[in-house]
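J.: Please build the complex by placing chain Z on the supplied structure of chain E, with the hints as guidance.
So the sequence lines, in the order shown, correspond to chains E and Z.
Numbering of the first sequence is given in this note's numbering, commencing with residue 1 and proceeding in unit increments.
Numbering of the second sequence is given in this note's numbering, commencing with residue 1001 and proceeding in unit increments.
Any given hint might turn out to be false.
[Said to hold, decoys possible] In silico DSBU-like pairs for lysine-lysine, Cα to Cα no more than 30 Å straight-line:
| # | chain 1 | residue 1 | chain 2 | residue 2 |
| --- | --- | --- | --- | --- |
| 1 | Z | 1165 | E | 172 |
| 2 | Z | 1174 | E | 126 |
| 3 | Z | 1174 | E | 227 |
| 4 | E | 66 | Z | 1075 |
| 5 | E | 266 | Z | 1075 |
| 6 | E | 172 | Z | 1174 |
| 7 | Z | 1165 | E | 148 |
| 8 | E | 227 | Z | 1165 |
| 9 | Z | 1075 | E | 263 |
| 10 | Z | 1165 | E | 207 |
| 11 | Z | 1075 | E | 165 |
Hints are computed from structural coordinates only; laboratory data are not their basis.
Predicted model only: the values in this text are computed from it and were never measured.
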Amino acid sequence: MGSWPAFAAQPVEILVLHVWGTPPGQAAASTMHPIAQLIEAFNAKKTGITVKGETPSTDYFATLQKAQAQIAAGRAPALVTTPWSNINFAVQGLQVATLEQIGGNEVRPVLANYKDEVLPLVTMNKQTVGLPLAFSCPVMYYNNDIMKQAGVDPAELFKDWASFKRLGAKVKAVTGNPILGLGNNADWEAQSIIQCNGGRVLDDNFKPAWDSPESVAAMTTIADINKAGLYLQSTTAESNAAFIGGSLAIWMASIASLGGLSKQVKFDLRTSPFPVFPGKPRKMSSGGSFLGCYARDKEQQRAAWEFLKFVASKEGVEIWLKTGYLNSTKFDYPVLPGQESAYIQLREGLTRESPWPGSRAAEIQKVWGTYVQRIWAGDIGAEEGCKQARQQVEPLLPKS
Amino acid sequence: MSVPLSATTREDAAAIEPAAATRRRTWSRNRLWEAATPYVFVAPVLVIVGVFIYWPLIYSIYLSFFDWNFVSPVKEFVGFDNFVRLAVDPRFHRALYGTLVYIVALVPAQVILPLGLALLLWPIRRSRAQAFYRVTLFSPTVISFSVAALLWLWIFHPLQGFLNKVIFDFGFAKVNWLSNPNTAIWCVIVVSVWKTFGFNLLLYLAALEAVPTDYVEAASLDGAGGWQMFRLIRFPLITPTFFFVLVTTVISVNDEVFGAINVMTDGGPFDRSSNIVYYLYEQGFRVFQIGSASAVSLLIFIGTAILTWIQFRYVERRVHYG
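Just chain Z, same shape as in the assembly:
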């Protein structure tokens, strides 16, 4: 049965309708805002990451197929020529070999050495001596690589350097540390270890600090010795830090030596202290072959991705996240 609306009711209905519509619009605006809010907040970061990471990555993949010097109005499409050229370039081969040497020498040095030092410093954690050692060992990390390398240049100087003065006084012949193809790369390695291991040392000290004391005390009551305590209690509990140090070291080790190579050896003598990152720099910014440099950067990206994947695939399974 229909009930006729009074004039007042009709007026009310007329008034209610726009209000409902307004509510609906407000509701849908709210829903829209609710849905969009995360994207709005993330947008600035997305833009930054897109512009500074993904766009250069995509653009460098594109450039790796061209012969271009950054300035010439003409980019010549050369297909896979840049990659083929790398395959037969002896300088690139030497850089690859150098990369391998840096990884093999520096990864253990920057992952194991700081761990060993952290374990040595750990028992004296409450004394002032540890603060002294911590500051002393960490100091090289805060010095710029260029300054550190300049300092070491004087230590390694062939005629006036401190190192040669010492070995000469002991009756040995002077060595051209930075100009001898057999020693130059090891000089860069020494400087890199000296410069960077302090950071990992601090990470390990922090990780050891976070090991729950009740585990340690329980193991101690059960008669665990120093080695057992490390192998069965402390090390498993610091494996997240160990894994982090390992992954970041493998990724960054060849970037880190760049400063030392650039200041101390210029990749020499005869490209023997060069690595793939330095080769990339030389191709791009010294001999202006942007296509070739982009091809190298793509190979570095792929190589780093594979190494990281291997670590996550085979090492992470041994990590105890607590």
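So here's chain E without its partners, still in its complex pose:
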């Protein structure tokens, strides 16, 4: 462990709300979640700051909700894992303290260690809203045993959406079940698929752009896959369980699930980049969260910054990367088996996860997410669905 300067004469305790609980019975240093290892490693340095980690929920939204309640009660947590998609809400709704506010001149050298394509994701109005932490993108997890049984070459299957639909029928013949399940919130995967067809979810002014012909065509693609009986309409928990249980061949979800899935499945687990649209580049959305500082008290802010510096250090990054998240820094670490697909997508250029605008950001996301599910499930046509979603979202957009 490297040396770390003592911070304060008086002990300071800060609270970090995050979404990664250490499973029961895995409190030993080697098996506890890397976020807990990070906290423990920092506390071991005895800087005068004690970091306390809490997992109110494994859901980003619920955790942010808990943070919001604590801020409202005047007990703001120092740091909270804030999803990229809630960056506008963090700034406008929760008044997050920027890194420049809490770290002053020390911020620039710390951020210099981060990849150039990552920093714009946490930058708003030329201010750094938080420290990039969980950096991910969606990938296709697949059960290679089923592919072998089906005699399907995964590279060919995932080449583009047309080949996916064509060869998917052969995969379906093995299990008799739909082959594609959805993890995470539907709007996240939808953003990637739309972008891969040249569309956008939000324009540069954060206004809906999901009803363009390119976007509608992209949405129709999954609806067609559903019509062909290849898409499993289910909750995330259901599709996750089905994939782990071996009854679902393909699961599109965050690369962050790699670590957990690797331990849970009993088959040959592989990953693939998303299929593309013929002749168009892949343009996936990033995802995950940054550590935002919500402390109102100067001493708490300063202590939070000390912890953030540790998280951003080589030692901290090394601990964190055990999670399976992508390396968002310039520190050189080996790619874990299965992460290759995500790094391919990263090199091709990841975009920011849709930063939903205004104080009704979460409501807008909810409305759009519901329409995505309706369109994919065939409950409404893609064109009509995109149009209705826009109409429903218009009154929720910021007035200016």
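T.: Relative to chain E, chain Z alone:
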């Protein structure tokens, strides 16, 4: 004629006066204490009810006229905007429809079904079999809603669930129970009935136990059959319990399904299993629109008050309090 007071008498009078004053003061203190005693005893409850029921109610009425997210230092006064927005929000309309479906399906299921079961169990009240049935049927009530919903998640699982395995074995196609907009709400209803009817069953069994046997014996001697015995003797005498079950079920039915909705469907697919209470939760604690959530809570309060008033106005008159 005035009688001059002797020195001793004057001294006595001087001594008596303060004593009388003290008595008067004591008497008035006693009167005051006597008058205040009920209020003193009731005060803790009044404070608790005031702080935890009436203050939130008043404050939520106040908040329903603002656009606020709980945290922002600025609450923007928006008048009736939150109510207008609800009037045109399709998600709210779906939640209202869901609320109606839950009431129409669950009120009879939780009021009539337990009554029917209680009547079936009543004749075997002295046997061990009834104890067995009582425990079996009441057990789901004591399980937490989250645990019960998790258990049912596995039963309803589209590919690996018990229910689909059974229907598949019988040659039917698998159903996406919780992701199909036509079945999800019925799954929530089934779980809610399974989870909550046991409590009402126990209430009915207790009420049937309390029916005076001389009425039953007299009716029996007069030749009353099973149906007549129920319609003319037992049911009228258990109407206070029936009325209590009806009122509390109508009030609580939409709260009770919240746990199942939250764990099993998240209101989906496409808000089709949502109800007004879940919508309120989403507005307040998922999308952080406290003003909108407060407006919904006010509507729930008014709606519940109206439904309860209707029941007291039209159903209570048929209740026999003995």
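J.: Does residue 1075 (chain Z) lie within 30 Å of residue 66 (chain E) when you go C-alpha to C-alpha?
T.: 20 Å, holds
J.: Tell me if the straight-line CA distance from residue 1165 (chain Z) to residue 207 (chain E) falls inside 30 Å.
T.: 46 Å, violated
J.: For the pair supplied as a hint, residue 1174 (chain Z) and residue 227 (chain E), confirm whether the alpha-carbon distance does not exceed 30 Å.
T.: The given pair, whose Cα atoms are some 16 Å apart, holds under the 30 Å limit.
J.: Verify the proposed pairing of residue 1075 (chain Z) with residue 165 (chain E), using a straight-line Cα cut of 30 Å.
T.: Violated, at about 51 Å.
J.: Is residue 1174 (chain Z) close enough to residue 126 (chain E), meaning Cα to Cα at most 30 Å?
T.: 53 Å, violated
J.: With the threshold set at 30 Å, check whether the alpha-carbon distance from residue 227 (chain E) to residue 1165 (chain Z) stays at or below it.
T.: Distance ~23 Å between residue 227 (chain E) and residue 1165 (chain Z) Cα, so the pair holds.
J.: Check the hint pairing residue 266 (chain E) with residue 1075 (chain Z) against an upper bound of 30 Å on the C-alpha distance.
T.: Outside the cut-off at roughly 53 Å; violated.
J.: Would the pair residue 172 (chain E) and residue 1174 (chain Z) pass a check requiring their Cα atoms to be no farther apart than 30 Å?
T.: 14 Å, holds
J.: Tell me if the straight-line CA distance from residue 1165 (chain Z) to residue 172 (chain E) falls inside 30 Å.
T.: 18 Å, holds
J.: Need the status of pair residue 1165 (chain Z), residue 148 (chain E): alpha-carbon distance at most 30 Å?
T.: Measuring from Cα to Cα gives roughly 26 Å; hence the hint holds.
J.: Mind checking the alpha carbons of residue 1075 (chain Z) and residue 263 (chain E) for me, to see if they're no more than 30 Å apart?
T.: Not satisfied, since the Cα-Cα distance of roughly 48 Å exceeds 30 Å.
Of the numbered hints given earlier, the model fails hints 2, 5, 9, 10, 11; all others are met.
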